[in-house]
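Asker: Sequence:
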Amino acid sequence: MMLPQNHQQMYHAIIKTYNLHPKFSRYVSDWLIDYRPSDFSRLYRMTQGTFHKLHGFVMEKYPQYECDNDTGRILIASMVKLLVTLEYLAAQGPLRRIEDEFGLADSTVLNIIEEILDIFTDNQGIFIKWPSVDEAEIIKSEFEDASTFPGVIGAIDGSQIEVKVPIAHIHDCTNRKCRQSVILQGVCTYSKLFSS
Numbered sequence: 209m210m211l212p213q214n215h216q217q218m219y220h221a222i223i224k225t226y227n228l229h230p231k232f233s234r235y236v237s238d239w240l241i242d243y244r245p246s247d248f249s250r251l252y253r254m255t256q257g258t259f260h261k262l263h264g265f266v267m268e269k270y271p272q273y274e275c276d277n278d279t280g281r282i283l284i285a286s287m288v289k290l291l292v293t294l295e296y297l298a299a300q301g302p303l304r305r306i307e308d309e310f311g312l313a314d315s316t317v318l319n320i321i322e323e324i325l326d327i328f329t330d331n332q333g334i335f336i337k338w339p340s341v342d343e344a345e346i347i348k349s350e351f352e353d354a355s356t357f358p359g360v361i362g363a364i365d366g367s368q369i370e371v372k373v374p375i376a377h378i379h380d381c382t383n384r385k386c387r388q389s390v391i392l393q394g395v396c397t398y399s400k401l402f403s404s
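Quick note: the sequence shown uses the numbering used here, first residue 209, plus one each step.
If you're looking for bench data, these hints aren't it; they were derived computationally from the structure.
All values derive from a computational prediction rather than experimental measurement.
Wrong hints could be hidden among the right ones.
Claimed, not checked - Taking lysine-lysine and the BS3-like style, the derived pairs with C-alpha atoms no more than 30 Å apart in a straight line are: (1) K385 to K372; (2) K400 to K337; (3) K337 to K269; (4) K348 to K261; (5) K269 to K400; (6) K269 to K372; (7) K261 to K400.
All chains should be built: construct the whole structure from the sequences, respecting the hints.
Answerer: Structure, rendered in structure tokens:
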């Protein structure tokens, strides 16, 4: 079936606009160095150095992660998977923006986020540690020196992250605004290291 002329023009205008929208057309390692440090930190909530350490950790623990492609599907680099997940966690914006930015399908983005979060969860004891008694004393003195507020060993904050929930568990994850979400809570030391 042929589209009427005005619909064809509109279709071509939409496709032209979509194709002009910036996408990642080069290897991640190429455009990653183009970011100004402040822009990278603002977008991904960590420095590029921390990102590279985290990526190195993922590759060391899961060397097959970069080349596991038995399905015949297009291989997505582990750096891209890590950036997709970090952007999702940092921005808490709509998945459609991430899908569009990285040129991935919504199901692929969700699968990537789940894969990376599984890696983080499996290794949480490596990254997040409650301070020992001696470390707690050091942290207390750092907070007190900065704020004159005694006895503080951590700064706590939380955020609600919207999730898709199976119908059978919808009541388990419904927040006060009647949306389905999970609560992400973190405790940081004065040096901005997660302790819980």
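Asker: Could you tell me which of the numbered hints above are not met by this structure, giving the numbers in increasing order?
Answerer: Those not satisfied: there are none.
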